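Please put together the full structure from these sequences, using the hints given.
Read off the chains here:
There are 2 protein chains.
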Amino acid sequence: MTDTVVRSSTPAADKRTPAGGAPTAPHSADEAHEPRIDIDAVGAMLRGTWGETRLTVRELLKDPAYWRVDGQSVAEHRERVMGQVRLLAKNSGSTRALPKEYGGDEDNGANLAGFEELVVADPSMQIKAGVQWGLFGSAVLQLGTKEHHDKWIPDIRDAKLPGAFAMTEIGHGSDVAAIGTTATYDPETEEFVIHTPFRAAWKDYLGNAAVYGQAATVFAQLVTKGVNHGVHCFFVPIRTTDGELLPGVQSEDDGVKGGLNGIDNGRLAFEHVRVPRTNLLNRYGDVAPDGTYSSPIESTGRRFFTMLGALVQGRVSLDGSATIASSLALHIALTYANQRRQFDSGAGTDEVVLLDYGKHQRRLLPLLAQNYAQYFAHDELLRTFDGVFSGRVDTPAERENLETLAAALKPLSTWNALNTIQEAREACGGSGFMAENRLVGLRSDLDVYVTFEGDNNVLLQLVGKRLLADFAKQFKGADAATLAKFAVGQTAGNIFHGAGLRRLGQTVADFGSTARSVELGLRAEQQHELLAGRVEQMVADIAGALRPASKLPSDKAAALFNQHQAELIEAARAHGELLQWEAFSDAVKGTENESTRQVLTWLRDLFGLHLIEKHLAWHLINGRLSTQRGAAVSKYIDRLCARLRPHAQDLVDAFGFAPEHVRAPIASGVERQRQDEARAHYADLAARGEAPIPEKSLKKKK
Amino acid sequence: MTDTVVRSSTPAADKRTPAGGAPTAPHSADEAHEPRIDIDAVGAMLRGTWGETRLTVRELLKDPAYWRVDGQSVAEHRERVMGQVRLLAKNSGSTRALPKEYGGDEDNGANLAGFEELVVADPSMQIKAGVQWGLFGSAVLQLGTKEHHDKWIPDIRDAKLPGAFAMTEIGHGSDVAAIGTTATYDPETEEFVIHTPFRAAWKDYLGNAAVYGQAATVFAQLVTKGVNHGVHCFFVPIRTTDGELLPGVQSEDDGVKGGLNGIDNGRLAFEHVRVPRTNLLNRYGDVAPDGTYSSPIESTGRRFFTMLGALVQGRVSLDGSATIASSLALHIALTYANQRRQFDSGAGTDEVVLLDYGKHQRRLLPLLAQNYAQYFAHDELLRTFDGVFSGRVDTPAERENLETLAAALKPLSTWNALNTIQEAREACGGSGFMAENRLVGLRSDLDVYVTFEGDNNVLLQLVGKRLLADFAKQFKGADAATLAKFAVGQTAGNIFHGAGLRRLGQTVADFGSTARSVELGLRAEQQHELLAGRVEQMVADIAGALRPASKLPSDKAAALFNQHQAELIEAARAHGELLQWEAFSDAVKGTENESTRQVLTWLRDLFGLHLIEKHLAWHLINGRLSTQRGAAVSKYIDRLCARLRPHAQDLVDAFGFAPEHVRAPIASGVERQRQDEARAHYADLAARGEAPIPEKSLKKKK
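In order, the protein sequence lines correspond to chains A and B. Note that the first sequence covers residues 12 to 713 in the numbering used here. Note that the second sequence covers residues 12 to 713 in the numbering used here.
Incorrect hints may have been included.
Identical copies carry no separate label here, and so any pair may be met within one copy or between two of them.
Straight-line distance between alpha carbons at most 27 Å, and here's what the computed BS3-like set of lysine-lysine pairs gives [what the hints assert, rightly or not]:
| no. | residue 1 | residue 2 |
| --- | --- | --- |
| 1 | 646 | 600 |
| 2 | 646 | 562 |
| 3 | 476 | 707 |
| 4 | 111 | 101 |
| 5 | 710 | 236 |
| 6 | 625 | 646 |
| 7 | 707 | 171 |
| 8 | 476 | 567 |
| 9 | 562 | 707 |
| 10 | 707 | 567 |
| 11 | 567 | 484 |
| 12 | 646 | 476 |
| 13 | 567 | 600 |
| 14 | 101 | 157 |
| 15 | 236 | 707 |
| 16 | 625 | 157 |
| 17 | 646 | 567 |
| 18 | 484 | 101 |
| 19 | 171 | 111 |
Honestly, the hints are just simulated from the structure, not real lab data. None of the values given here were measured: they were computed from a predicted structure.
What follows is the structure, encoded as structure tokens:
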């Protein structure tokens, strides 16, 4: 491992000066004689509110003990990761969020920030830590009460009691309310009987279930006195400290997975397993010794969502983790793209640096802009989370906001991570496919982030429903005439009149220089108007289309809703993109250094225009952009890419990854060294008069 | 392994009848009382010209000896795959293309068809076979002459002489002409001296290089009498039969990769390694004992491309392989989507089958349509390839066509494979992430198909240049007035007048029922006009934009070209899509059975509309579609998805995969069995009066 670090370390200063050969375009802000960003200041912006914690964790992760070792067997990798989690426990990995009485800092934001950083060492270690403390531990902490905390939290904290979070079943993933496992109260013995009634009710995909888990927080239908009170969570011991399964507990190994193979995912089933009445994690629902059920939350629906809502931190932290993993991929691909040369330019100079190719800029720079947007949006999400979980602003409305925000951002950033890492891997060609260069490993491990802790499409549908509900609230109490007027103005039947055109001031700007008019007409306010207008219009259109549903029989209503499911998901995505854009713009506004603000403004514009280009057909169809301005969007993106090209290295350097975090030989400067060696060889041949004459030039002489 | 097959096997008839619960929509053509496709006939269409060979190979692959075993170490997997290649050699895996005198069938099309099928067993085995016979063996066969064939082909054929194809270097992947390895002729000893002058000239990513290879076909700059005659290929022994490296040969292991870990990829370097003069594979260039160079091809450029062109079969076969791998993923995801249920519909019936969700249809059915298009396009490519390589139509023009066709189709199908497999994996949720369900393994292994045998973007750029050249030919000899007229009519400055509108007969169709007018206005001819018109217009626009280049200094000209690189690649992609659409349409036209033709027409329409939707902004901006018709495209796709939904299972059954090819438990019918068991459990509870009462309904009673 030490060897890798040596290969990776390159003096930062060296990155600024291209070695030999006239560049075909400026490769750095210095060369371009342009204002440079303040790399350290931008780094601090990206690290955000809990930057100190992030720096502490990154320092910790310089220790090779936390690094992934490629090529280990599944068993070796699992053992290594279990050891890493124990090591993290010794290094404050598990205490940041805990109450003071359990040795904690009661700092929920810092806890997630620190957790998110783990992804650069090994995503398996990250998610294993997440299973132990973020899911299993959090279930005990958030759904249990003091007795439970006193009894189990210290051992969970220290990773002495590894546990599984047993919610998902083979038959029910996203639809938790429909799980089949039952916990039936027996007043005779004052015990709950945990039971798996059929194969589809086996708990599945649980980290710690196959090998290491000694207990599980099991979600089951609570039945007492013949009544099913819905899903509740129970603390159920599953193995002895020696790893022997307890009577009535069955376990199966999920085997090899597409990634995260350092985690021992598996299945669990319970054959009338008895646990004491007090093993019910009873914060939101309890059963008295005689079997009487009680809950502080009357509505069964709200009770269910409150229990599940306590677990929102998984989604919040995946948003941050996916963002960091994407940055690492961009750091690797852009650093390499700034050094690697391929093909003669035809202009008789040196071979062309990859990032000078128009297509290469187009593939990577919009993803960099998107990645920046995610950082700023994530910090807002994390602050919202911290506000709720610290109790500072823990209102039902704020909880709902938090859940919607997490459900909107997690899908976008986890999907973007897969796209970004894949584009980075392809941009590095064959070397991108080598495990030592990290990209393929990151992609494999991050793959499941898009369907766990809430399938991305299911989450976006939740956001879409929330948007529809908010939309409907606007019209509460409105009379029929208002509604009708609204319907005429807004719904899909009537979108072809180009109502949006004037609002963008296009008539004015379309005269004069095209380039200039485009930039005038696609600046911050217009980007915002286009992005926000799209969300509003889409929601209004869907609401209009669904209006007849209230008068239809339920099967017909369901069918109508189903017809618009894809659009609703698309509207939710548009909403998430708008939130990211707004967060980026707020960050730009708050930047004091003028050079930095200039470059970040270009980058924010690239993000905005990239979104508008992605949905260009929508903007054209709905009359939000004229075809002329629509045609100009792509050209403006090209110009922004060229403008940002000299700043690319600064912008990825601002992520602040040390060689110990990167560990990818292709991003270490070795490529440039090889080119220098090759150049020196050819120069030496020429100097000694030993360079062979090309056949082609020989023919010309004849 | 046997166990897996047992779990996978389900009577085909069983798939037609949903077990229990009224479906929310017809799940099969039978239920929908619709004409069904003739599954066997469609299967034969998909298998294409060399269907018999495909059936033979699929039969062979039912033997578990060829299957991938998940969770093997890299060393075990490599050993297994080497053994599989030897087993293939014993079962006609290597002889189909060989000349009769070496025991072959001289059937190039059959050879690639059989090779492509291997992907369902283990892509590592496929690519290892490709290295041995398609690259190493083909280099000897295509670039060598009789002496070479007699000496080496029998042992290569029998996998007794495993070899590496040493073309790519660390420093030069796509740009083969610039490689650094030299082969300098020494007339004293009548030997070539193979030498690696610097680190960047190490050969890299070569299958068989790390462990098993005993020889390599090494591409090097041929230098004799002080003249460099460009890249030629040499047969260079590298290891003894005991696996010891020969003197002067160095090898390094590439280690773990993102996939294809059954192949021992590695690096090779040569320290003044001497081989006999006759080890030059001398079909296209030779050196006499005295060092005099000769070649049947005068032009160095054409000679180089002729040598490389002999290797086009790699690209051809990857197009077919990617298509088959995508089918397997679609078979798995759609079969599961037809069985798996999740979430109550709200209509009081059973939970909803995944494929009844609008979004689920939208995610998978357009990919199915695309996959069908790829089959038909691939068969055309394969016939073109066979025509050239059999010598039947081996003209320079046809070779150029073949190369352009391969360069256009391979990028599309290999990228589509990654998208399709990923969408399939996400559509299967957590179970899609389990290696036993195949999807993650297929995706990892197929990943490198997009950058090897020609990086996809580089290939598309070649296609783009060919399109530009063809375009320019039209105007050869045209006078200035014609050109000027053309420029005014076609180029980017003048695209806003909606010239394309009338040609599509929109004015007529825009009256009357929207649904009907859309279908009338987006039928086959219109789809073709839109897709073909886009290619023509894009090429014309780029040609127009590049016209000033001829008058610019070379660096400025290069910069101008670079500005349009991304557009040129996009035009090439559009060209490839058009070819796929045309091949699909030809196949539909040739279908005699009326029911089959009807369903395939819908599927072809879905493919066409899917392409038009993907590039909708372009069609709107360039006046090819009105905004109204543009808005209708998505709705038409929704309707086509709903129409095809009952045929989805038939359409994937037509791929003809047996349980031994699928081997994914989730596509085996086990999901339905589990649902039946759960239903029976709840029914039994209810019958015995033991079903707990939901708390919610209890409250209502009060």
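**OP:** Tell me, please, which holds for residue 710 and residue 236 at an alpha-carbon limit of 27 Å: within, between, both or neither?
**Re:** Answer is between; shortest inter-copy Cα gap is 15 Å, intra-copy 99 Å.
Original post:
Is it within, between, both or neither when you check residue 236 against residue 707 at 27 Å Cα-Cα?
Top reply: Close across copies (15 Å), not inside one copy (94 Å); limit 27 Å.
Original post:
Between copies, within a copy, both or neither: which fits residue 625 and residue 157 at Cα up to 27 Å?
Top reply: neither (51 Å within a copy, 56 Å between copies)
**OP:** Could you figure out if residue 646 and residue 600 sit no more than 27 Å apart (CA to CA) within one copy, between two copies, both or neither?
**Re:** within (26 Å within a copy, 40 Å between copies)
**OP:** If the cutoff is 27 Å on CA atoms, where do residue 476 and residue 707 land: within, between, both or neither? Let me know, please.
**Re:** between (68 Å within a copy, 23 Å between copies)
**OP:** Please work out whether the CA atoms of residue 707 and residue 567 approach to 27 Å or closer within one copy, between two copies, in both situations, or in neither?
**Re:** between (75 Å within a copy, 25 Å between copies)
Subject >> Intra/inter-copy verdict for residue 707 and residue 171 if alpha-carbon distance must be at most 27 Å >> reply: This pair counts as neither: shortest intra-copy Cα distance 73 Å, inter-copy 40 Å.
Subject >> Intra- versus inter-copy proximity for residue 476 and residue 646 (alpha-carbon distance at most 27 Å) >> reply: between (36 Å within a copy, 21 Å between copies)
**OP:** Give the relationship of residue 625 and residue 646 under a CA distance limit of 27 Å: within one copy only, between copies only, both, or neither.
**Re:** both (14 Å within a copy, 19 Å between copies)
Subject >> Homomeric proximity label, residue 562 with residue 707: Cα distance no greater than 27 Å >> reply: Classified as between; 24 Å across copies, 80 Å inside a copy.
**OP:** Could you place residue 567 and residue 600 in one of the four classes (within, between, both, neither) given a Cα distance threshold of 27 Å?
**Re:** neither (49 Å within a copy, 38 Å between copies)
Original post:
Is the C-alpha distance from residue 567 to residue 484 at most 27 Å within one copy, between copies, in both cases, or in neither?
Top reply: For residue 567 and residue 484, the Cα distance is within 27 Å only inside one copy (24 Å; across copies 59 Å).
In this structure, the hints that do not hold are numbers 7, 13, 16, 18, in rising order.
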